[in-house]
Amino acid sequence: MQVFSTPKTIKENSSFTFCPGCDHGVALKLVAMVLDELNLQEQTIAVASSGCSVLLYDFLDVDCIESPHGRACAVATGIKRAHKAQGNNKFVFTYQGDGDFASIGISESLHSALRGENITAICINNTNYGMTGGQMGPTSTLGQITSTSPLGRNKEYHGFPIKTAEHIALCDGASFSARVALYDVKNIINAKNTIKKAFEYQKEGLGFSFVEILSSCPTNWKLSPQDSHKKIEEELSKTYKLGIFKDIKNE
Amino acid sequence: MSEKQLLKGNIAIAKAALNCGCSCYFGYPITPQTEIGEFLSLEMQERNLAYVCAESEIGAINMALGAASTGAKVMTSSSSCAVSLMQEALSYACSDELPIVLVNVMRAGPGQGYIFPSQGDYNQSTIGGGNGDYKIIVLSPSNVQECIELTYKAFYLAQKYRNPVILLADGLLGQMAEPAKLFDNPYPNIDNTSWILNGSNGRKSRSIHSLEPSQLKLNQHIFNLHKKYQAIEQNEVDYEEYLCDDADIIITSFGSLARHSKAVCNHYREKGIKMGLFRPKTLYPFPYKRLNELSKKTKLFIDIEMNLGQMLRDVRLSILSNAQVSFIGKPVGDWLKKEELINAIDNIAKEQYASI
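Taken in order, these protein sequences are the chains called H and Y. Using our numbering, the letters of the first sequence correspond one by one to residues 1 to 251. Using our numbering, the letters of the second sequence correspond one by one to residues 1 to 356.
Treat the hints as calculated values from the structure; they're not laboratory data. Yeah, the Cβ is synthetic: ideal placement off N, Cα and C, and Gly gets one too. It is possible that some hints are incorrect.
[As the list claims (entries may be wrong)] Per label pair, the in silico range of CB-to-CB distance:
no., chain 1, residue 1, chain 2, residue 2, range
1, Y, Ile190, H, Asp227, 51 to 61 Å
2, H, Leu142, Y, Arg316, 39 to 49 Å
3, Y, Gln220, H, Gln86, 29 to 39 Å
4, Y, Lys204, H, Gly87, 43 to 53 Å
5, H, Thr132, Y, Gln87, 21 to 31 Å
6, H, Met131, Y, Lys204, 23 to 33 Å
7, H, Gly87, Y, Gln87, 25 to 35 Å
8, H, Asn39, Y, His221, 45 to 55 Å
[Unchecked claim] Far from chain Y by the CB rule (all over 10 Å, computed), these chain H residues:
no., residue
9, Thr44
10, Glu66
11, Gly159
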């Protein structure tokens with residue numbers, strides 16, 4: 001029998017403040033487990049952003065800075081480069097929502113990938129602006145009803161959603177770009193291995209590594225946690241295909 | 001290092017930044033400050049320092065924000081309409097208490113305006129365009145030598161108070177070459193080991209953030225910042241007085257325009273009229289107290305600016321109703337010349353004093 005304990009990189013006595021059934025907690029725990037496994041905790045600087053992901057520093061026991069909305073990759077660029085200029089190699093990753101990474105911050109995100117900044121970005125894609133109550137975001141799918149697309153996202157009226165991991169994969173500076181999901185154990189294990197790979201690529205100095213995580217938002221989707229996972233399995237992972245879109249080692 | 005050399009303002013700023021250990025520069029091109037980034041690009045790459053041609057000014061200032069959290073000496077430079085893009089991050093940097101040096105080589109506005117020199121960003125710099133109760137230290141050089149001195153001071157004050165500092169130059173100063181001495185940085189380094197983010201090896205993890213869901217804690221944080229600003233106002237006010245002691249008329253003027261104002265003083269002194277110049281070198285903290293003292297024994301103040309009266313507000317707040325305040329200004333372009341100023345002052349004086 002295997003007994004699971006809280007990862008060392010999760011703060012003692014902290015409890016997640018995410019909504020019940022939200023996948024953020026699972027994603028953060030995976031990040032913490034990988035930081036433990038790679039022995040990175042004490043050399044890490046994490047960059048939190050605006051939205052549900054902002055409270056990162058309440059849960060993760062690593063040095064952490066909050067970035068203005070969307071600017072996490074620029075802030076991470078500054079941290080990584082400043083340490084390098086001082087002769088230090090620190091581990092730097094961002095933890096952002098899809099609105100943060102792919103809407104307001106797409107310029108900073110894409111250009112960090114294009115420059116091949118040696119950082120890792122984790123993007124939680126729950127297809128809406130969760131913190132503000134479920135508005136249409138860059139990843140809201142066609143037909144998706146949100147508080148600002150009450151009749152469903154319409155391609156003529158609202159335009160199309162973005163496939164973030166595929167866009168990052170097109171950047172020459174990206175070493176790794178993948179999309180994972182968390183709707184069952186198999187996928188959770190795959191997600192963890194994928195995050196690990198992305199982190200390892202940074203450790204090896206290969207350039208920008210990226211993991212998009214399809215995550216549930218039961219509160220704003222107005223679904224039970226179980227039905228939210230079913231939606232990811234049956235609908236979202238068809239629109240947003242799971243897999244690796246760029247792997248510099250397999251080119 | 002001790003010899004005078006012919007230096008352009010922009011290059012002087014870049015050299016002084018390198019001299020005092022600036023290890024990170026992030027920037028985006030905009031006239032009339034582009035030479036700062038151009039000069040530093042080679043110098044910093046050759047020294048293995050951090051230099052990024054940022055995707056935008058928003059990118060640049062946020063890179064500066066991240067880099068500052070490591071304790072590095074960090075600079076970005078820009079101009080007017082592009083500094084507008086940086087206001088969000090400046091508000092964050094104040095709340096996060098991060099030392100960033102921002103050089104604004106002013107051009108004409110509003111909007112895109114043009115590359116003509118101007119002093120139109122006094123309000124943007126001293127009042128700010130970001131949200132919340134914050135203050136940014138603003139230093140105003142008036143010649144190339146002061147570009148060097150105040151660049152050193154900007155890095156020092158940024159580290160000392162853990163606060164952004166704006167070096168507010170203008171297109172004339174940035175583009176003008178004159179002899180200046182590139183002396184060594186006179187300021188000590190400030191110990192930052194208690195707050196920087198460099199990994200939690202051997203200590204508790206730290207976080208730097210402005211978000212604070214507790215009303216009590218957020219109020220306390222803002223009060224603490226306010227106390228720091230009060231200390232800055234107490235300790236760091238800097239100004240130049242030229243022939244103010246016995247003056248009946250005092251010109252107030254800042255930046256490179258103050259040089260013309262000084263020439264005007266000399267002109268009137270030769271004619272036996274007691275005129276002086278008061279030039280704030282710190283626009284924030286503004287020298288309210290000293291200007292108020294001077295206003296009790298001076299009849300007339302003439303504020304001269306290359307804008308339509310931005311510092312004028314602070315001048316009036318200093319002088320209150322103690323003396324008369326007049327204003328001469330022009331928003332952009334060729335600096336007001338000595339002759340133009342004398343003509344304008346003669347007209348003001350005729351209204352005030354029949355004897356001139």
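Beyond 10 Å from every Cβ of chain Y: is that where the Cβ of H/Glu66 lies?
The claim breaks: H/Glu66 does not keep its Cβ more than 10 Å from every Cβ of chain Y (closest is about 4 Å).
Outcome of range test on Cβ distance (H/Asn39, Y/His221; 45 to 55 Å):
Once the Cβ atoms are compared, 34 Å apart, the range 45 to 55 Å for Y/His221 and H/Asn39 is violated.
I want to verify a distance hint. Is the separation of the beta carbons of H/Leu142 and Y/Arg316 within 39 to 49 Å?
violated (59 Å)
Does H/Gly159 clear chain Y by more than 10 Å, comparing its Cβ with all Cβ atoms of that chain?
At about 23 Å from chain Y, H/Gly159 clears the 10 Å cut-off, so the statement holds.
51 to 61 Å as the expected CB spacing between H/Asp227 and Y/Ile190, which holds or is violated
holds (56 Å)
Take a quick look at H/Thr44 and tell me if its Cβ sits farther than 10 Å from every Cβ on chain Y, holds or violated.
The claim breaks: H/Thr44 does not keep its Cβ more than 10 Å from every Cβ of chain Y (closest is about 6 Å).
Using the C-beta atoms of H/Gly87 and Y/Gln87, is the stated range 25 to 35 Å upheld?
With a Cβ separation near 33 Å, H/Gly87 and Y/Gln87 satisfy 25 to 35 Å, so the hint holds.
Looking only at beta-carbon atoms, does the pair Y/Gln220, H/Gln86 fall within the given range of 29 to 39 Å?
Between Y/Gln220 and H/Gln86, where Cβ atoms are some 32 Å apart, the hint holds.
The hint says 23 to 33 Å between H/Met131 and Y/Lys204; measuring C-beta to C-beta, is that right?
holds (28 Å)
Okay, Y/Lys204 versus H/Gly87 on CB: inside 43 to 53 Å?
violated (24 Å)
Just tell me: holds or violated, for the beta carbon distance of H/Thr132 and Y/Gln87 against 21 to 31 Å?
holds (22 Å)
Hint compliance for this structure: hints 2, 4, 8, 9 and 10 are not met, and every other hint is.
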